[in-house]
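Peer 1: Chain by chain, the residues:
Protein chains: 2
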Amino acid sequence: MSDNEPATKPPPKVFHRGRTATPVANSNADKKEVPEFEPFGLMPRGPPPLIEFLDIWEVDMLQTQSGVNKPQHNTHVYANDRLIVRRGQEFQLKVTFDRAYKPSEDQFAVEFVIGASPQFNKGTYIPVFVNKERQSPWPGRVVDSTDNVVTLGITPAPDCIVGKWRVYLAVMTPYGIRRTKWDETRDVYILFNPWAPADSVFLDDYNERLECVLNELGVIYHGAFDDVAERPWNFGQFDYGVLDACLFILDKASMPITNRGDPIKVTRIASAMLNSRDDDGVLEGNWGGDYTYGVAPTSWTGSSEILLQYSSSKRPVCYAQCWVYAAVFNTFLRCLGIPGRVVTNFFSAHDNNGNLRTDIILDDNGKIDRLRTVDTIWNYHCWNECYMTRPDLPPGFGGWQVVDATPQETSDGEVVTLLLSVVRMYRCGPASVHAIKHGQLCYQFDAPFVFAEVNSDVVFKSRNRDGTLSTVKVNTSHVGRMVLTKAQGQDTRRDITDHYKFSEGSPEERTVLEKAEEYGSEREKASPPKGDVELVMPLVEVRVGDSFELKLVLDNASDQARSVDMYVSGNVVYYTGVTSSEFLFKSPEMTLGPKKAGKEVVIPVPSKDYMRQLVEQANLHFIATGKVKETGQIISAMRVVTLHTPKLSVEVSGQAKVGEKMLAIIKFTNPFKFNLEDVNVRVEGPGVMSPKHKHYSLVTPGSSLTWTEHFHPRRAGPTKLMASLDCAALRQVYGQVELAVEP
Amino acid sequence: MSDNEPATKPPPKVFHRGRTATPVANSNADKKEVPEFEPFGLMPRGPPPLIEFLDIWEVDMLQTQSGVNKPQHNTHVYANDRLIVRRGQEFQLKVTFDRAYKPSEDQFAVEFVIGASPQFNKGTYIPVFVNKERQSPWPGRVVDSTDNVVTLGITPAPDCIVGKWRVYLAVMTPYGIRRTKWDETRDVYILFNPWAPADSVFLDDYNERLECVLNELGVIYHGAFDDVAERPWNFGQFDYGVLDACLFILDKASMPITNRGDPIKVTRIASAMLNSRDDDGVLEGNWGGDYTYGVAPTSWTGSSEILLQYSSSKRPVCYAQCWVYAAVFNTFLRCLGIPGRVVTNFFSAHDNNGNLRTDIILDDNGKIDRLRTVDTIWNYHCWNECYMTRPDLPPGFGGWQVVDATPQETSDGEVVTLLLSVVRMYRCGPASVHAIKHGQLCYQFDAPFVFAEVNSDVVFKSRNRDGTLSTVKVNTSHVGRMVLTKAQGQDTRRDITDHYKFSEGSPEERTVLEKAEEYGSEREKASPPKGDVELVMPLVEVRVGDSFELKLVLDNASDQARSVDMYVSGNVVYYTGVTSSEFLFKSPEMTLGPKKAGKEVVIPVPSKDYMRQLVEQANLHFIATGKVKETGQIISAMRVVTLHTPKLSVEVSGQAKVGEKMLAIIKFTNPFKFNLEDVNVRVEGPGVMSPKHKHYSLVTPGSSLTWTEHFHPRRAGPTKLMASLDCAALRQVYGQVELAVEP
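Going down the list, the protein sequences come from chains A and B. Position 141 (the first sequence) corresponds to 141 in UniProt numbering; numbering is contiguous. Position 169 (the second sequence) corresponds to 169 in UniProt numbering; numbering is contiguous.
Don't read these hints as lab results, they were simulated from the structure. Careful, some of the hints might be misleading.
The list treats identical chains as one, so a pair stands whether inside a single copy or across any two.
Subject to a maximum C-alpha distance of 30 Å in a straight line, what follows is the list of computed DSSO-like cross-link-like pairs (lysine-lysine) [to be verified]:
1. Lys367 / Lys657
2. Lys515 / Lys437
3. Lys32 / Lys164
4. Lys599 / Lys694
5. Lys647 / Lys94
6. Lys164 / Lys525
7. Lys599 / Lys629
8. Lys667 / Lys629
Okay, chain A solo, but in the shape it has when bound:
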């Protein structure tokens, strides 16, 4: 890449003249005023003759939280004064005229307008009539008409554009159309509607809707499949300003207004815009461990702080890792009314361009060759599922769709250079979960890539002297070991692995893998003979700072003795599986008697060895490999130890009642023998407390910090306070307390 040129070349001009008739309307923020008076043909000279026609005194959008509209549309929870409704469902508004409305004579329309250059045939200008004989794209009716007040019922089309609409009232006079001035308070947000059967995001499950659209309280899973850790998250999709921030993201992407009624296009754009890698999007990724110039990914407690910062600064927010991308994306989905959830895939194959092999290279003694092992398996990876029909695919692939905003190698390895710097179309999905389970990888978007994340084989290859490699072991069950998401209505895990794959070793699984290969996903063909020596490393649960013992257990199934040269390598790794540093290396020699089972080797791991080098999420990765002298069999085992962090104590006092003053007490005692420096503590709670942050420069061993913060609950119902503690030496310390706020 010729990067020696300055990267400050002005962006390419978009030539429009001669190319298209008008520029494409691509911002919800753009407005073009509709004329207050639109004459029919030529006007007679002089002032228009005074003839009597309907005049409008007042228009009431009935937008109060408790009013007729918002509770009906499940939008009363939004901290937003404007009317918010969902498409495909009727809402009401009241019009006061200067006199009683005469259906026979009077002609008027409620006009809905979005973006610049509104056009009837583009669906950006919608006039709604209430006269029986006139039919409008959005049905309208008179609900009630008493004296000079008329209550109207209007049903936005179930596939209409989602965003912030401007509302006008237009009266037809013999000479032309008279319109109300634009009044910002009459603007109406129209959202996707999972409650409406005709909407493409319709979700026919009451509890699922409550969870995946209305629930602000999230639980995100991490750690290891057999030692799962979890953390709370405040999605805050109803917080003040969040809805506008979500619409701003689409404007920032210059997404054509006319496409904004299609959840497929909306989610696809969002998956690109959530990360800043190619488009100055919402979140800047950082896996490097140095978060000096931003907030550590592990420190965030919710989405709203991030979205509000982005919409005000219009610059990427620092910093994110996969669960932050997924959590903020989830807020975007639920806020616009698309059912969404965060899922965690344990042992996720990455960056291998959708091929089904993750290679681990060993030298000819069976010792891992770190230089040549470049593929990585993430300990876990979080992405999103969103629920919608897929009219662009054959029947049967609607339902849950994978979208992923974490920057990775793009599905078809698409890479684009821009202004001489390397940027990629970091975008993934929507890909049908059903299509992935059945290996139907030909259906857009990016299915082969997601398929590889859950189905890759781990292939151990031994490097020969001449540089060639021979396959010595294939592990088909390691990757995509478990897929979890939060259960409906409760803070428990829901295992949805079977949504993504058939059970390991089942005939269906084999067929699916073959199908996937037909679509070009390479797999390892060689199947080396299964040897007679088995090696496993059992689970060890360890708290940060503790010394512990790592066990290797060997079985010899043969009736001769076996001797093995073992290599045990312990590494501090990022959750991406990338090795930071090796802190332990042992090469025990072992002999096994005939038919000997359960022979143990115990390797002590003193805390001082790993603590100094600990990075990020305190993951230790042990890989043991070896060669059986007699048979040349290569044995291997891997074990991820996710060190358990201490809990953060969160308590509340006072009566949990709307408007009443309450206290939150956050306590932490440093249990370690070392100092904690530059400690950041964050706390927030949906409907009760907006994000708060406190910094402690030093917490010495054994000493405690106590933070007391008062707050006033804004909303009744069950909620939580969620807190995090984060510093370079200790990350992922979380705490929470539940509270039920009375009205």
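Using the hints provided, position chain B relative to the given structure of chain A.
Peer 2: Quick look at chain B alone, frame taken from chain A:
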């Protein structure tokens, strides 16, 4: 869009640490030297004991044009000194050792390496052995072994990476591997191979291969379906430096090396890189008419000048319109060995995000409403077809695939902002032509978009007073009227419309359109009653500068009289259908007797009216609409008049023999009553003359220019000299002469 910020923010850093184990190898230009000596394990102290082993004296890649390899691989035409071969087919090389080669004892390998950090399991490091017992990923054999000279035969895998490989010879000694130094002259280009059945671009038609891979002489069609114009083009895929320029495009795109064996990914990347709209790619589009700072799109005569300028400047070349994009893309395809051709679609629907409706809005008198008519139909549009299998799709969708490098609204309306400026992923295809014909729009990539380009309906809508629109006429046969490409081996047209669609009105066509709708392509539902009055505007063939008469012919099928208020609007348009200016407007009133057929209205069009406003490609667009008083029927007709330009005379003198001096004489006489200013004349011919350019500041009416240029044919065989003349007042003047060069 908040564009008030400066657009000079540095490009986003690509964080690598903690994210991936190593950066992705994405440049063919990057090199990493392989060590000259690679010891096995520990070396004994002191100098290695002198033991006898094979030593290499010389390696001959047999790369001469006439040598054993190039003619066999159809690569002898490339103006390039290195060895160029096609994958999946054996080539030979000669190795001279210090002594005779003993198969039993001596072990050596020919190593092929591409990109940085070559890896065996990534297919970027390929050792080839010739010993029977050793099998290598690329088969190798000893063809002949006499004295100490060994001739080897090596067959690159038919799916191997395409690009420039480095070649080493490695000898295994007891202590390690001894390698030759890297020698640039031994580098080998490995290309796609349409001749090899195992290659995914295999094309099983001898003549088609000659035309779509080896032919440098192109003909590009434009104008109108019933008045087709054509122009010659020199693809020049074998010209000096062009192959390296094509590889540079992939490097510029930072396309991962490991993906470069897959024609699907290669063509998809290229379709994005050919235009500069989002990625600082090869060509800057300009439809505006002002080409002061570059070359007018109509002025280019071939691709090589463009590609060489891009690879040296690393900046977009100015300027292109659709046929330039398509022609240069075609050079890229044929140069790398992917069968490709340029096709022209007449009346191509555009920028409508793959929906099947192009709206023309009329006011309530039946007069066209230019303000509200925003959809455009291009008079013609050029794109490419490339030939390959589609393993990513179900069987049956391989063969010709549409790829399009002209920037348009992207298929799924994808739009991405970068550095606060609007950029789009301008990328289209590959989309299976077969899938398009059968309405299988669910198969990647971008099929719905191409489908709309050939299948949209033209819908006339009348605007009601209240702002709503009613459909008054639907024309289902206007768009995608004809698809042309050059015939095999001759300069005649080949109509391939039936590759894209079933015949108009056939039952198959109906089924396909319904299928397409299932995949979400909206179509016009309303079918207004067919009226009893018919209007047509017959073809008129006109030369630039001539006055002419436009005819309107009306038929009245009813048995009552009919009277019509007509509106005839004549406009100078860009070939994109966008109106530049209206130069004629007439509103004749007409009455038709009962059962009256063939009633004519003649409208004189004096040249002075249009000449002054002529833009670009001298297209006039007439639209006649009207309303029948008695029935309210809306009638309409459209007619594109592509003004014929004078020919450019090109002659040669001297004996057409390789190396002999010849003369080219280019003549033009200004036939107009006005001056031609800043006239650019270009000429070139594959194998005979590289692009030449001459500028004439003024050619007065009636005066002539004559340009005599001498040249020496470099290659034997039939070829052409192609010339263009271009100035603001007169574009698309072309001329050519055929010549058969003797050896």
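Peer 1: Take the hints in turn and mark each one as holding or not.
Peer 2: Here is how each hint holds up against the structure:
1. In this assembly of identical chains, lysine 367 and lysine 657 lie within 30 Å of each other by CA distance neither inside one copy nor across copies; the values are 63 Å within and 66 Å between.
2. In this assembly of identical chains, lysine 515 and lysine 437 lie within 30 Å of each other by CA distance both inside one copy and across copies; the values are 11 Å within and 25 Å between.
3. Taking the shortest Cα distances, lysine 32 and lysine 164 sit within 30 Å of each other inside one copy (14 Å), while across copies they are farther apart (55 Å).
4. In this assembly of identical chains, lysine 599 and lysine 694 lie within 30 Å of each other by CA distance neither inside one copy nor across copies; the values are 51 Å within and 87 Å between.
5. In the homo-oligomer, the alpha carbons of lysine 647 and lysine 94 never lie at most 30 Å apart, since the shortest distance is 53 Å inside one protomer and 70 Å across protomers.
6. In this assembly of identical chains, lysine 164 and lysine 525 lie within 30 Å of each other by CA distance solely across copies; the values are 28 Å between and 54 Å within a copy.
7. In this assembly of identical chains, the alpha carbons of lysine 599 and lysine 629 lie at most 30 Å apart only when taken from the same copy (17 Å versus 101 Å across copies).
8. Taking the shortest Cα distances, lysine 667 and lysine 629 never come within 30 Å of each other, neither inside one copy (56 Å) nor across copies (85 Å).
The structure does not agree with the numbered hints 1, 4, 5, 8 stated previously, though it agrees with the rest.
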